[in-house]
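**Q** Residue numbers (my numbering), protein chains in the order written: chain A, 12 to 380; chain B, 12 to 380; chain C, 12 to 380; chain D, 12 to 380.
Keep in mind that the hints were calculated from the coordinates and are not lab data.
Where hints are given, some of them may not hold.
What the hints assert, rightly or not - Some chain D residues close to chain B (C-beta under 10 Å, calculated; not the full set):
| no. | residue |
| --- | --- |
| 1 | Ser72 |
| 2 | Thr75 |
| 3 | Gln291 |
| 4 | Gly296 |
| 5 | Ser297 |
| 6 | Phe299 |
| 7 | Arg300 |
| 8 | Leu303 |
Said to hold, decoys possible - Ranges of calculated distance between the beta carbons of each label pair, as one might list FRET restraints:
| no. | chain 1 | residue 1 | chain 2 | residue 2 | range |
| --- | --- | --- | --- | --- | --- |
| 9 | B | Ala183 | D | Glu162 | 50 to 56 Å |
| 10 | D | Thr310 | C | Pro232 | 26 to 32 Å |
| 11 | A | Arg131 | D | Tyr379 | 27 to 33 Å |
Glycine is no exception: its CB is placed at the ideal position from the N, C-alpha and C atoms.
4 protein chains.
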Amino acid sequence: MTEHIGVGMLGYAFMGKAHSNAFRTLAYMTWPPPLVPDLVAIGGRNASAVQEAAERYGFASAVTDWREIVADPRVGVFDNLSPNNLHAEPSIAAAEAGKHVVCEKPLGRDADEAFETWQRVQAAGVVHMCAFNYRFVPAVRLAREMLEAGELGEIHHFRAAYLQDWLTDPSAPASWRLDADEAGSGALGDLGAHIIDLGRYLVGEIASVGALTRTFVPERPGGKVTVDDAFEAFVEFEGGAVGTLEASRFCLGRKNALTFEINGSRGSLRFELERLNELQVDTGGSGFRTVLVTDGDQTFMEHWWPPGHVIGWEHTFVHELHHFLAAVASGGRIGPHGADFEDGYRAAEVCDAITRSAASGARETVRYR
Amino acid sequence: MTEHIGVGMLGYAFMGKAHSNAFRTLAYMTWPPPLVPDLVAIGGRNASAVQEAAERYGFASAVTDWREIVADPRVGVFDNLSPNNLHAEPSIAAAEAGKHVVCEKPLGRDADEAFETWQRVQAAGVVHMCAFNYRFVPAVRLAREMLEAGELGEIHHFRAAYLQDWLTDPSAPASWRLDADEAGSGALGDLGAHIIDLGRYLVGEIASVGALTRTFVPERPGGKVTVDDAFEAFVEFEGGAVGTLEASRFCLGRKNALTFEINGSRGSLRFELERLNELQVDTGGSGFRTVLVTDGDQTFMEHWWPPGHVIGWEHTFVHELHHFLAAVASGGRIGPHGADFEDGYRAAEVCDAITRSAASGARETVRYR
Amino acid sequence: MTEHIGVGMLGYAFMGKAHSNAFRTLAYMTWPPPLVPDLVAIGGRNASAVQEAAERYGFASAVTDWREIVADPRVGVFDNLSPNNLHAEPSIAAAEAGKHVVCEKPLGRDADEAFETWQRVQAAGVVHMCAFNYRFVPAVRLAREMLEAGELGEIHHFRAAYLQDWLTDPSAPASWRLDADEAGSGALGDLGAHIIDLGRYLVGEIASVGALTRTFVPERPGGKVTVDDAFEAFVEFEGGAVGTLEASRFCLGRKNALTFEINGSRGSLRFELERLNELQVDTGGSGFRTVLVTDGDQTFMEHWWPPGHVIGWEHTFVHELHHFLAAVASGGRIGPHGADFEDGYRAAEVCDAITRSAASGARETVRYR
Amino acid sequence: MTEHIGVGMLGYAFMGKAHSNAFRTLAYMTWPPPLVPDLVAIGGRNASAVQEAAERYGFASAVTDWREIVADPRVGVFDNLSPNNLHAEPSIAAAEAGKHVVCEKPLGRDADEAFETWQRVQAAGVVHMCAFNYRFVPAVRLAREMLEAGELGEIHHFRAAYLQDWLTDPSAPASWRLDADEAGSGALGDLGAHIIDLGRYLVGEIASVGALTRTFVPERPGGKVTVDDAFEAFVEFEGGAVGTLEASRFCLGRKNALTFEINGSRGSLRFELERLNELQVDTGGSGFRTVLVTDGDQTFMEHWWPPGHVIGWEHTFVHELHHFLAAVASGGRIGPHGADFEDGYRAAEVCDAITRSAASGARETVRYR
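In isolation and in its complexed conformation, chain A is listed as follows:
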């Protein structure tokens, strides 16, 4: 019989919906699941909204103070989906209370905060994961597997962008995501962190960056914008690859366009999130092949459907939280395929280097501690 584990979730909106769905779905789609997640508590600031989320997603209780979740003996996993300024303290408290911890990205508003969070959660001896869910796109995993197998040879280039368009209209309102105190940064931490993490996952550690940031619309209905709308960067990896990194919320026609391309001495790969079931693979310069990553022998797809039956964005969370529960169940590691808090911290160092470079005008070495 599969053991159960209690889940306490902080946050009930966009990410709450995605993670709740993932826990519920993995319980029968990844069969048998490594642990059966019991949804025991969900928390947030708005009491009636949290209550409705609890009913909707099937949590046993709804709370408005995250400390109640941390103190709840039924909770074995603390899943932190709150705004960025609430990533550190609750995650640390939960870990120190013996809960395994999942935290949404970016781990901290800056590298200092992320480092502190990592160190203290690590010291608590629990399993921890920073929710870089795009590692769990089957096409991205396939890319990693090909890279590990040496199919691309020596890597020369990594170019990635994460482009959205929802701030193009100057009358789009301000929100916590546009406030430096709550969010830390803008497109950089929200979108850029994803492609930085993918660069690290696929190509290796980042050595240095040069960058600029830009806030196109500094004031919006509801408040000032104190974060970046976009950043532009070149990047150098420790292994010698070079490329560009970019994120923006001002790209009309690009809804959720995370794209990357990797060029190696033996082949190339291309990916775009809006067509996430596909990986473009070139071997030896012979032309890009569209691999529809839906076969049962491709990682993650054993859980789903026959070949050609595509999956959606939300499935990344199913894979990710399944991976987390498997690590908890087995006492195993989150890495290398999942991002742990060290990965969350390291992505934050790259973000900080971009911020420093934008301020100094100088190319900045990433200063891992």
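Since chain A is already given, all that's left is putting chains B, C and D on it; use the hints.
**A** For chains B, C and D alone, kept in the frame of chain A given last:
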């Protein structure tokens, strides 16, 4: 408080997984759901496999005789996912026992069987739906809405194909899908029925067809193939549009490639199921625009994620069964957006006309009763 | 030193421009050319227009009676680009006067006319070519080479369409192309003949067809439309492959969209003329690879540019007329890569079978003589 | 009657073939041409090769000393296609001899050389053009026209890359293009100059850059590589737009992949050179539309074929040299649609700023004189 309704499901494999997931998911994703589905019974021939499916998907009981489901007073909806030769009798029995009925396509192995099923279920006064799930792809619904609004003008062409590749290898084994007694037909009823239904849904009633069918590999490990591997047809609609229809399981590189194109006097539409979040829209010959159908103001997408966050194949079932429960809850109709058993019957008449034409060599008028 | 040959051209408009450019260009692009074409005479009904064309393209003389070209001793090649009703008589006369003959497609307005033309030109002992220029797209030649090498295995399917949109607007005027007397047929002979020829070139002889034709707008400014606007067909090849054929001038968003797909037991190919530098190649169901056919070791590309530097539609004529001159120079054959008048005739038989089937409603065997 | 002008060409290989073809073709394709180009002299270092080129392309004479061309009274246009180290001196000499001058890009090996060349040629009072031929892709011109008309609103982003793969193999031999003395720089001046020029043409003057350069393979058969294999940069425009620039010859699967994307407050554009007949246009975030730029009412396409009949890479030279001859004939200007030597100089300043930044690690302001 939302009322509950008991679901009895016949079939536990591929379709059982898709429908179970849909019932479980719609309960919180379409919030509040029109009715809360309680999974009360699941049936199939293999006792241990059914038992495991019941545990996995959360059905209260597992049975090996569908008559138990039909007789179960807790069951309000009978969801028939069995092989084609078990579509008629259990569906009729369930309806006559007062259950609302969902039946997978094709409704019958031929038009006679489909007609009888429709007539008797209709006479029972229950809600009935033939599970042509591709009507519930958001991009397909958008196409329908544009057509209804006249945005394409008068329709001249509909060309559709449904191409897969899993039988290309002659050593792929025989199965019930390749047996005329169980399946009725091959690519025609399995794949062709989908594009015939979409043609009817989007363009209108089909008037006549000319066709050939082909069985490339007549014997396989495990048995003879007594159905078509492919059919090729031209088609004429009552409204004057003309085009081609085709289905095959011998198209390497095509995994689940349902495609259609519609040309009207004011514009054109293109769709491909392997990129199901996209609709290609041409207005006045100005070039095809890739519309990523993921905005909250597009039908079905209000249930899901922010723009650009794509959904998968399985979501069609969530939308479809939500639509069904809404019709049950409101006493409303399945049509025009859902396919009822009359639609299932009418698609079967077109399939029969294709079969007749392939045999006679003559263009055949579709003979609706 | 390369010998020269005199070219007499009948027709000076669209095709006259394309062929004139091709003769001029091949003289230095295919270096050394097999024969140096001297543009000695151009003919057409409008004296001043022909005169201007002669000046523009560098013909030594301009005439309004094609018999002058046929009688001109300087002329070694007669290039017939006139409307379809002027394909037979001038081509035959030129051949019987000892000129090698190029004739635009369709060779005749029907199979009888095409047969007569072929027989008499053949009897004259000259080199003859029917200008199915799409055989001379490098990507099409690559497809043929792969098929000949057996890389696709046994062929199961050929589906092709040639879609344009210029008649969608009912106020588009009538012209010779819409008149049965001058053109023979409409989309069928103009567009359909191309895909029929490609089917024969790539897959093999066509055995039977079933078809319908349609004239959506029977009267236009300037006259009645007495030809088809579109045809829809299924097709069976002698080798066992089956598929669909279609042509239409009513497809908004499709400017010059000749597309085909071939599925074999080992792989598949896809092509679209609007991206004519690309061939999509699937091997064993692994996904379609976009082969950019611009490398110097790919047939025809030795004449042009470095890899990745794409060519245009007009280049097909350069390759085609180069091929023709090479056959003249060497006393060689036009086939199998060029279409000779027998190929022109055979395509006409398929067109006739389509026309018969549309009239009779019956599947028609192609009756090669 | 159209006047004639004598053309003297320095260089006979790749670019010589492209320019010769363009002069010959424009004479009848752009009808009537602004001036009839007479090919009077072609020059290069290899006597027999130049002689063969003269015969092949129809030049009246072949020379091995460019000074002969400069001194030739028949020459009205000096077309300089030699290696980069021979751009300055012959171009200046020709101008000072009263010839109008076309010079291939990059205008100089660095900004100093380009500045000197511009100043002295400008002082000579002749018409001058730096052959940035991609301004003459019809889709690029359409982009410019849309930008000028304000259809994209305020521009936020320009991201461009020019990727090739021919140096990926370390055994690819050294050549003048890999030698700093002859070429000045590598991917930067050869490929990067093109996207820098397009950025200036489409978005406006470049204010600053941050960059790194990389030589992956410093020694090859035949010699050392003393130029960059790739560069990576972020860029800031004077008008406020920001983005990335990149060029590399190490991108397998990318043959001639110049791509750019522009995001504005009202819409976006995307282009890729390997599909040069297409422009992707987004309006207001509604999705990218593939505009096939082949209609006769689109600039340049009045010279060619009916809609949908695509053109090739070489056509850019036809348009470009036609533009040049029109400016010579009318006494008009090369700009804004053609690049004159000032544009060549300004692109060189951006290249120099990239080189400085790669050396200093600091973001560099472009220092226009």
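**Q** If any of the earlier hints don't hold here, list their numbers in rising order.
**A** 1, 2 and 11
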